[in-house]
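The listed protein sequences correspond, in order, to chains A and B.
Position one of the first sequence corresponds to residue 1 (the working numbering), numbered consecutively onward.
Position one of the second sequence corresponds to residue 260 (the working numbering), numbered consecutively onward.
Think of the hints as simulated: they come from the structure by calculation, not from any bench.
Only a predicted model underlies this, so the values are computations on that prediction, with no experimental measurement involved.
Just to be clear, a hint being listed does not mean it is correct.
Chain A is faced by these chain B residues, among others (derived, beta-carbon under 8 Å) [said to hold, decoys possible]:
id : residue
1  : 278
2  : 411
3  : 415
4  : 433
5  : 442
6  : 462
For each residue, glycine too, the CB sits at the ideal point set by N, CA and C.
Number of protein chains: 2
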Amino acid sequence: MVQDMRSVEVCFSPELFQDVVTTGDFIVVLVDILRATTTICTAVGNGVEAIIPVATHEEARRLKSQGYLVASEKDGVQVDFADFGNSAFSFTREAIGGKTLVYCTTNGTRALEMAKSASSIAIGAFINLSAVTEWLAGQQKNVVVLCSGWKNKFCLEDTLFAGALTRRLLDTGLFHSECDSANASMDLWNLAESDVLGYVEKAAQRHRLKKLGLDDVIPYSFACDQVKVVPVFDGKLIKGTWLTHRPFDLRPEVRRRSA
Amino acid sequence: MVQDMRSVEVCFSPELFQDVVTTGDFIVVLVDILRATTTICTAVGNGVEAIIPVATHEEARRLKSQGYLVASEKDGVQVDFADFGNSAFSFTREAIGGKTLVYCTTNGTRALEMAKSASSIAIGAFINLSAVTEWLAGQQKNVVVLCSGWKNKFCLEDTLFAGALTRRLLDTGLFHSECDSANASMDLWNLAESDVLGYVEKAAQRHRLKKLGLDDVIPYSFACDQVKVVPVFDGKLIKGTWLTHRPFDLRPEVRRRSA
Chain A
1 MVQDMRSVEV CFSPELFQDV VTTGDFIVVL VDILRATTTI CTAVGNGVEA IIPVATHEEA
61 RRLKSQGYLV ASEKDGVQVD FADFGNSAFS FTREAIGGKT LVYCTTNGTR ALEMAKSASS
121 IAIGAFINLS AVTEWLAGQQ KNVVVLCSGW KNKFCLEDTL FAGALTRRLL DTGLFHSECD
181 SANASMDLWN LAESDVLGYV EKAAQRHRLK KLGLDDVIPY SFACDQVKVV PVFDGKLIKG
241 TWLTHRPFDL RPEVRRRSA
Chain B
260 MVQDMRSVEV CFSPELFQDV VTTGDFIVVL VDILRATTTI CTAVGNGVEA IIPVATHEEA
320 RRLKSQGYLV ASEKDGVQVD FADFGNSAFS FTREAIGGKT LVYCTTNGTR ALEMAKSASS
380 IAIGAFINLS AVTEWLAGQQ KNVVVLCSGW KNKFCLEDTL FAGALTRRLL DTGLFHSECD
440 SANASMDLWN LAESDVLGYV EKAAQRHRLK KLGLDDVIPY SFACDQVKVV PVFDGKLIKG
500 TWLTHRPFDL RPEVRRRSA
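Generate coordinates for the entire structure from the input sequences, incorporating the hints supplied.
In structure tokens, the structure reads:
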């Protein structure tokens with residue numbers, strides 16, 4: 001029975017990826033809750049045509065001079081030549097609908113590069129938790145949840161998402177897991193779930209964002225199922241895979257509540 | 260207040276060590292509950308004069324030919340030329356008291372090498388939890404708990420020890436922690452503590468040992484405070500730092516209960 005099921009593994013840092021992965025027959029779900037993958041899900045959910053991930057500010061600046069919209073930040077602050085920083089709230093349908101966006105993320109791009117041994121790379125966040133679960137259930141592949149961490153360190157918020165996604169996947173009855181990281185993630189998510197914002201009060205990144213005045217995005221980043229789209233990276237571009245045929249805008253009441 | 264206190268950080272894998280550590284002013288506590296550090300604490304607790312850690316079977320064989328007692332295993336099984344495998348129960352006072360032991364551990368030796376930027380390297384396990392807590396409290400240094408993991412992956416049993424030690428250190432009032440790994444470890448330890456053997460039923464390494472018939476050592480490996488010694492690595496040798504002046508044997512009733 002179990003051997004017919006698909007496996008879920010969780011990787012707490014890109015540094016550990018090469019040690020976790022033993023087969024090419026898997027999908028990577030890339031996670032960076034605060035903030036890249038929440039932002040990408042928002043932009044794709046709000047109708048961006050495609051996202052070009054780039055690793056350096058130089059590359060972002062070069063593409064800006066070619067006329068692209070550019071999102072780029074350093075230590076949480078928007079860089080001078082960019083159109084956007086890294087706040088999910090900037091990526092409204094009005095601002096980015098139908099356009100191609102260059103998104104500069106050093107760690108994110110590195111993680112995407114590392115994950116190229118996967119058969120697909122999807123972008124996961126609490127705001128598309130159900131969508132990514134449903135999409136993974138429909139693929140005939142094992143799953144590796146790749147947490148970005150913070151400067152390669154374990155981080156609590158990505159781990160909580162890994163736990164939430166693992167539990168959802170196991171609940172479908174299609175997946176099993178014998179991975180210690182997946183088990184630990186689920187236990188932490190079980191502890192946190194009833195008051196996730198209270199729980200993440202102790203997360204180091206939450207304090208870093210607060211110091212920068214960028215913590216307004218936190219309630220939104222932990223709100224499940226704001227978008228019904230799974231951003232998928234094809235090796236060059238990130239584009240949305242819709243689970244319904246009608247893209248929908250972020251619900252205004254959630255935006256208000258989260259602001 | 261907090262800035263006068265010493266910090267505790269937890270590192271879930273040697274692969275992450277260089278990303279965790281930003282200063283040389285710390286002590287590393289190396290952890291490999293199943294099995295190296297539990298075994299080393301047992302051997303030192305039972306009066307071994309010194310342990311020479313080596314990385315390869317070739318080096319272990321060379322030292323065997325010079326007359327040393329050698330502990331060496333591959334995939335959990337004692338290698339042919341060795342006097343001992345890796346089971347804590349082999350290292351009785353009769354077998355190793357007063358002698359120097361060559362201990363072959365590829366990952367352990369690698370972790371010891373990596374940790375050489377620390378001002379000291381101590382060996383931690385549940386069986387010396389109070390001793391290592393007391394010893395660390397007496398040093399004026401920050402602490403990094405370095406989990407060996409399994410083939411560099413996160414593992415549950417080392418994480419539980421990291422959580423137990425972090426909580427003990429914070430309870431002294433001398434330490435603080437803003438490390439997500441330390442917080443997650445403590446939450447997992449809080450979950451596991453009341454029935455740690457039940458909790459580790461799901462640990463992957465527990466199943467690996469069971470398949471090899473080597474899981475007899477598990478109850479002992481999670482029994483707190485069987486030895487009152489802290490093994491410390493001086494760059495070449497591991498020797499015991501005693502917290503009392505009278506080394507004591509493993510209590511026979513614990514050996515029986517654990518067997």
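Verification of the hints:
1. 278: Holds, because the Cβ-Cβ distance from residue 278(B) to chain A comes to roughly 4 Å (cut-off 8 Å).
2. 411: holds (4 Å)
3. 415: Interface hint status for residue 415(B): holds (4 Å vs cutoff 8 Å).
4. 433: violated (20 Å)
5. 442: holds (5 Å)
6. 462: Since chain A brings a Cβ to about 6 Å from residue 462(B), closer than 8 Å, the hint holds.
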